[in-house]
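Protein chains: 2
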Amino acid sequence: MDQQQFRKYGHELVDWLADYMQEVENYPVVSTAKPGEIKSRIPSSPPSAKEPMENILTDFRNLILPGMTHWQHPGWFAYFPANNSPPSVLAELLTAGLGAQCMIWQTSPAAAELEEAVMEWLQQMLALPEGMAGCIQDTASTATLCALLTAREKATGYESNRIGLQMPLTVYASEETHSSIEKGVKIAGFGSRALQPVATDDHFAMVPRELEKQIARDRENGLHPCCVVATIGTTSSTAIDPLEDIGRICRRHNIWLHVDAAFAGTAAILPEKRAILNGIEYADSFVFNPHKWMLTNFDCSAYFVRDPGALIQTFEIHPEYLKTGSDAEVKNYRDWGLQLGRRFRALKLWFVIRSYGVEGLRAMVREHLRLAQLFAAWLKDDARFETMAPVSLSLVCFRLNDGRPEPKLQELNAELLRRVNATGKVYVTHTALKGKYVLRMMVGQRTTAERHVQSAWEIIREKTQELLAGE
Amino acid sequence: MDQQQFRKYGHELVDWLADYMQEVENYPVVSTAKPGEIKSRIPSSPPSAKEPMENILTDFRNLILPGMTHWQHPGWFAYFPANNSPPSVLAELLTAGLGAQCMIWQTSPAAAELEEAVMEWLQQMLALPEGMAGCIQDTASTATLCALLTAREKATGYESNRIGLQMPLTVYASEETHSSIEKGVKIAGFGSRALQPVATDDHFAMVPRELEKQIARDRENGLHPCCVVATIGTTSSTAIDPLEDIGRICRRHNIWLHVDAAFAGTAAILPEKRAILNGIEYADSFVFNPHKWMLTNFDCSAYFVRDPGALIQTFEIHPEYLKTGSDAEVKNYRDWGLQLGRRFRALKLWFVIRSYGVEGLRAMVREHLRLAQLFAAWLKDDARFETMAPVSLSLVCFRLNDGRPEPKLQELNAELLRRVNATGKVYVTHTALKGKYVLRMMVGQRTTAERHVQSAWEIIREKTQELLAGE
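Residue numbers (my numbering), protein chains in the order written: chain X, 1 to 471; chain H, 1 to 471.
Treat the hints with care, as some may be off.
The calculated label-pair distances, taken between Cβ atoms and stated as ranges, are [unchecked claim]: (1) X/Gln124 x H/Leu468: 33 to 43 angstroms; (2) H/Ile312 x X/Thr387: 30 to 40 angstroms; (3) H/Ile312 x X/Arg366: 33 to 43 angstroms; (4) X/Lys408 x H/Glu159: 11 to 21 angstroms; (5) H/His11 x X/His224: 57 to 67 angstroms; (6) H/Arg251 x X/Ile317: 24 to 34 angstroms.
Bear in mind the hints are in silico, worked out from the structure with no lab data behind them.
The structure presented is a predicted model; accordingly, all values stated were derived computationally and were not measured.
Positions of the beta carbon are idealized from the N, C-alpha and C atoms, including for glycine.
Hey, can you work out the whole structure from these sequences and the hints?
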């Protein structure tokens, strides 16, 4: 494909995407494809000769598109969002077109320096402590692994990197913490038994005195408390762990504090919500994902540390073939994480923050918070439903409860969920809270407006009526 | 920014990129920006109000672009390439516009099934053993870490994931192996002292009998040999470790064999070069990067394993909030690697393989091999230079040698490199081979034609003459 064809098909795809953004609402949110259906229609061998782009794009529309679940659909109330936005997509186009691999400063000085600059912007937007330094990671899974590894190294005087982990280090997180914490604990060689789940209160937030008790007990048993992961906005219910109390405990016991605010961090750009990060001055590391709620294409995870030297000491390797004349004067972000290779991810953050402005991003978050409260109020007025967790941000956890026993309630709500999602108009997911099956209504898609939340509520009521009547 | 503006600026950027592809040759390959220069021109605080896209794009052109090192420049002879291509850029645009997060099958069935299909295509293209299964990782660093972790778990009966690494496991790689191996060994908790560098021969390839000796010695010392990393195409000289001999040793001693062919793997699509993978039937895992030499935008690393069950058992975690009704019937690739979140990377591979066809990709690789041989022949005819390693693929390692002592030779060649790169026409990098400072002429950029290699050779000769005359 030459430049002229690139131009032609590029224009075609831009137009197609502009239409898609407009029309995505008309697609079923979740693909109705059956397992194996798409693969069965893809030739089992690669073509020997080149194929015209027309054919590829036709197949894209006829074969791939019906197999997509549409994360940018305004009826997306599932998981957490992974929002893109028009300026972010444009930046991704440029990133792909430039095709720079940003492993070190010299291989793309603008990428390295723009990353430093936009991380400082985010630091200000969230009012993170001065002196923290940030870099972009692919996902919060990776950022949390970086935190665990740096905590491991600091706790062992950087000896684990050399001789392996020879001490029984322990890690603490609430029982509501994300699965990536356990995954990181396994990868970093702590072993999952080193992960001590801390009890949560009625609001699903970590109980600091339980944390302190466990630390004391582990110390007595000859274990070495190494790291606490506090979650600001848990996946199941956006519970907010009490950072100040946890932070003071960590400080007192000289334990690394990692704060995982993957989804909720974006809310801290609102002055009226910044309190969710009270106590962040105790954090050794902090992660939140602009690729969730800050309109920046997946992947883009913002990772901040108090001591970049410790991070670099954990990861730095300097083979001859990567040495450059400027190494002493610049930041080489390859030493700030796991991967050597790095995409130019700062560009899309820069496009997004400038295109919306901080006030524009705040307005979007405020609207999502308002819509979630609205939905919660409707729920409250309908005696068939109960709210299962505080609506601290824009997630509403609820269930249908007509008084039948718990296992039957689970079946009832799972069936309700199935029927609601089968409409193709909305996508809601579930979780478990203290053993109870719960529906999660997550309001956070960029294009979700009041009418979409209203429509979701109508669908939920309609399917509830059908379900209760039909039994 | 609404859809109409997206359309407008999308078209503008497509045109700009089409021009850029044509004109990139006119830019200096390596940015001439000074450390700190770009950041000093970026406002230190984010804008409160939104800014018009015109301003952002103007800044992109005036501020960011001069700070880019141009990886898609035909004068790119540095490191390894990170090639993009027009169809790959178009696919990246679609991936960004769809904005799907492909962590599990249900959140994007087409992404999961297309990934499975294109991995099977690659498997056929490289004639990998039947029964291997592949998935896309971000980078070879990550893929190798996955291999080390799976090897660790298999060697310890999946107990390290639970109790940490309690046995002294050892890992073997040639002394020419990539830095990511040491990084992975540290991250996975082996400790860097567990990594045993194996001596190389005159061609910088691992000496199998040295490997076997070390394994025997380590066994005697109570260590547990766990994993061998063989490199097909080392970073410094594209040396090819003898896979068959290494594989037989691994099989005999029941040691995991990981094969790192990050750059060179693409060459195996040529029937006449497939021999570089002879012995691959012994491999437990194999990685190569379509984002290097197969025209697929960074990041896209193809990771194959013989036993997907072992990989999944290493990484699987199944929290309630990620359970879906189709889990028993489908591949959920979140369990095939470190990160939970995943981009739709299969799309660009599909676009590339279909747009070029296998024969089109072969033609490109063959031309690079031819050009490297041409360059090597010119070098051979000029008595001032010596070739420092076999030209097994498309990398030529050489230096200027006028007989002065080694430390002075290093200075001489470093100065030659500086002057060659200062022209802005080409970008060549260096390495060390058995302690000697060596220049690396890597021919692998998609748009590099004979005239570019010829021009590089002219520049090298001209700067050599200047340098020797001016001393």
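Violated hints, by number in ascending order, as checked against the structure: 1, 4
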